[in-house]
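*Asks:* One-letter residues, chain by chain:
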Amino acid sequence: MENVLLTIVTFLPLAGATLLLAIRKDNLKAIRLLALSTATATFLLSLPLFFHFEASTPGMQFEQLVTWIPSIGVNYHVGIDGISLFLVLLTTFLTPITILSSWNSIDRRVKEYFIFLLLLETGMLGVFVALDLFLFYVFWEVMLVPMYFLIGVWGGERRIYAAVKFFLYTMTGSVLMLVAIIALYFFNGGTTFDYLTILSNVQTGKLILTVTEQSWLFLAFFIAFAIKVPLFPFHTWLPDAHVEAPTAGSVILAGVLLKMGTYGMVRFCLPLFSEATLEWTPWINGLAVVGIIYGALVAMVQTDIKRLVAYSSVSHLGFVVLGIFAVNQQGMEGAIYQMLNHGISTGALFLIVGMIYDRRHTRLIQEFGGLATSLPVFSTFFMIVTLSSIGLPLLNGFVGEFLVLLGAFKANVTYTVFATSGIILSAVYMLWMYQRVVFGEVTNERNKGLPDLSLREKFILVPMTLLIIWMGVYSQTFLRKMDSSVSQLLSRFQSTAVVLKK
Amino acid sequence: MLMDNLQSLRYFYPELTLIVAMLVVVIVDISFNRLRNVLNPLLTIAALLIAAYFTAYVNHGQEANLFLGMLALDSFAQFFKLFLLLAALLVVLGSLHSEELLQVHQGEFFALLLAVTLGMLLMANSINLAILYLSLELVSLTSYIMVGYLKGDRLSNEASLKYILFGAISTGSMLYGFSLIYGMTGSLNLYTIRDAFLSQGVQGFDQFTILLALVLTLAGFGFKTAAVPFHFWCPDVYAGAPTPVTAFLSVAPKAAGFAILVRFLFSGMTQTSGSEWGLVNGINWPLVLIGISVLTMTLGNIAALTQNNLKRMLAYSSIAHAGYILMGSVVLTGEGLKSMLIYMFVYLFMNLGAFLVVTIIYNSDRSFEIGDYHGMFKRAPFLTFAMGVFMLSLTGIPPFAGFLGKLYVFLAVIEKGLFWFAVVGTLNAAVAAFYYMRVIKAMVLEEGNGKTAPLHVSFLNQALLVALLIPNLILVVFWNPIERWTASSVKLFSGL
Amino acid sequence: MIPISYYLLLSAILFSIGVFGTMIKRNMVTIFMCIELMLNAVNLSFVAFARYHSLIDGQVFVFFVMAVAAAEAAVGLGIIVALFRNRQTLNVDEADLMKW
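For the record, the sequence lines run as chains A, B and C. Residues in the first sequence are numbered from 1 upward in steps of one, following this note's numbering. Residues in the second sequence are numbered from 1 upward in steps of one, following this note's numbering. Residues in the third sequence are numbered from 1 upward in steps of one, following this note's numbering.
Calculated directly from the structure, the hints in this document are not laboratory data. Remember, it's a predicted structure, so these values are computed and weren't measured experimentally. Please note: incorrect hints may appear among the correct ones.
As the list claims (entries may be wrong) - Under the rule of at most 25 angstroms between Cα atoms (straight-line distance), these lysine-lysine pairs were calculated in the PhoX-like manner:
1) A:410 to A:481
2) A:458 to A:29
3) B:378 to A:29
4) A:25 to B:416
5) A:25 to B:451
6) A:206 to B:416
7) B:491 to B:378
If we strip away everything but chain A, and leave its shape as in the complex, we get (with noise of 0.2 angstroms):
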């Protein structure tokens, strides 16, 4: 049974939202009951994956294959490694976690609203499970039209705007990267779409491409990702994108969305095209560290709360972009870590927004002063959550960033200075931010007598805090479990790298 679990866990979203159309639409109860047990079931169900996930073995696990199209060599394959197990997992966390913030404040088109948002969920773990590129690419359009709605629809003011923008920006990149795969496809004698295939003939040197070649097809499919992570320059969609999303548009953007640009860089741009990789890594760590220093400052004056954590996130993703392109272990670790980070910091940091936005309707930093004697529990987790995305030592942020700095410092010390000036921006911009909202006199009247957290609120916060504080205290829990897929990867890649030199 357990090779269907995958398939569960992904369509179990799709399924939810079918039955959610059969509701009435103004039963409001019984379709946030019926979305939030699905995102429930399909947390639970996923639990199991954590559990069973053999640490010590690096290939896939709970693989299934099914054959779809085989004239073309489609297949439906899925499975997770130590890599994606834990982005699976960030998923069916947060949907929940969302589903439960957008509760009260989503009070318009509310069946559609929970259906889109299961949509994505199917999606986005989809893009994680697929292990055949066809595969991934439809899960990587699908994931588009849900986020695009749920921005245009639900979103603020600009909201129009801001979902065509981001439609835009990933069709393009998108579509670059399937003329990419086809192209791979071809190269590897157009047979198969199926990603472990393909990595395992381009390892035993069946397939062979030039310098040239794999830097093309290299580019291809990182530009789609860095649209999607976003990498400076392509950056320009997201604070767009995230300002204008409801909380939970936010929550899954920041959270999911950013790491599958990310995770396809680790999933298939390093591993298939090595020799490539070394050669562009310069610039993409120069990019990388662009954004770091580059999002900090923005974020630093930026009077809109929301709009500063979306340029955090610039900031943030730089990091991982570099661990990822210091092609060490220290560094792999550490950007996949930063990336379960950033999902639950930043996550969690959309999420205290939307709330203060709740009670307010405003977001604008000077508004706001002295919350913390009005809302004292509110105030707590605001500060551990923003100390943990600052990477304060015993939080998660820290570990994460700790190994990137260290992968990165292995190869090359110039970009890891500037980048550690990114961590001291950080802590700036995160810190003053914080200072200006919480301390001090209550200088706004009708931020006196705000109710606290609500139950639910709590109930929302305080598992992502307790995960942070896990995450910074025992990260050997996580590590050990990417340990030897990430070892696997690099190895097969420097080796790789090493014939493709002769």
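For this one, chain A is given, so just place chains B and C on it according to the hints.
*Replies:* Same frame as chain A, but now just chains B and C:
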């Protein structure tokens, strides 16, 4: 196997059915004043179904040359015939509840539609220039009338005038090309023409004459498929014609045009091995076709960006899609041909679906302006959902069927190493995403324009919408039958 | 006997006149006459070629072309009449309700 006239009749049942039905419809129309509105559609539908039955079952698997080498009966023609009959059937059903057509007397409409369908079936079959010309004119002349069917409507008049002027000029050019080909080879049969060209070698003919003949001939085919630079008629005609007719024109004659284009290029103009172009050494034919294809899709997409009239936008979008279909014709392999057939097959469902939604909305709102679609989501959720699927499918986003069409076309060109061509194609898809999403944006994201009354969608139209939605949604999962069907339809050419 | 090139030259000239006529004339009926000229050029070259090859099918083709041309003229005039009723003009430039 060459058959004489009497033997051939046995394989001519689909066409005969249509001819009989056409006459019966005319008779019913003048003799039964009360019943005709019920009888005529029923007769038409029945005739189309019977013709499809004959095509699919009775003629299945037959390979023959009918009427002493005038028509080819093969799997390639069978694919197109079924395709065209299906398109006609869907259009008949979609036209029944169209307010535009209800304003005028409908009797001839069905007879004309049957006539066009007959012409298209013959187009798909013909391997002789004379039949090719006659069937093309049968399609053209009747579609001129159908475009101008709303006699009192100035737009309809104007569309029809433009259509007939462009049409007559381009078929005139095509005929002149035919006459030159005939002069050079002494034959009207496509296979004999090819053999004549090949046996004397390309050097045996004046290069300029061959070039002139081919360019003039391609003008005629380009007109039917609305490929740039013969597309000028297309937006105006599509915008002015009654919407069901537009839907029909955007799919069926275009497909028939591709059928004769393919027959002409693949069986008339290439080496018997099928892998090389047999004619005019100095001209790089793939490059010419690539050029036409790129221009067609780019121009179509860019012009569509600025349109505010949805019908006009879909007209330009159909030009762009013709460009994609042409992509497949550049590649002289079975894969290239197969990709064309697949693209047309999925295009049928998404494009007819989009036009059906336009028809339904026009029925109650009397507008084709995208601006008037604002807030449609609240008034007609199901309709909006359907339109969303059709638009996404036209964009080529998986998992909708349109994606498979694009995928196969790209597979075919990339297999031949034409990467840049594929890149241009995909970037075009991204441009197209902009205007297709604009429709979705208007219907879903924008607030309403004051109208709140639910939009009426008749039961027939709802059923038709569902019927068109299903292929768009599930083909990606159950793809194998289509794949096998199209693969067997092009066997004729891949083993050429 | 007159060589075939004479016929072809005449046919080419007629065809060119027809094509130019369709482009420069503004009166719908004149344009249709120019189209007929194109078709007759085609007919001439078909007949000439048929005679040259001593084949019959080219001449048969000409009958088809003539018949279709008549049908085309009938449809075309019908359309022109319908347009004239609504617009009271025969000038193609005034058929300009639809532009880019």
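*Asks:* Now tell me if each hint is right for this structure.
*Replies:* A quick look at each hint next to the structure:
no.	hint	result
1	A:410 to A:481	holds (23 angstroms)
2	A:458 to A:29	holds (20 angstroms)
3	B:378 to A:29	holds (21 angstroms)
4	A:25 to B:416	violated (51 angstroms)
5	A:25 to B:451	holds (21 angstroms)
6	A:206 to B:416	holds (21 angstroms)
7	B:491 to B:378	violated (49 angstroms)
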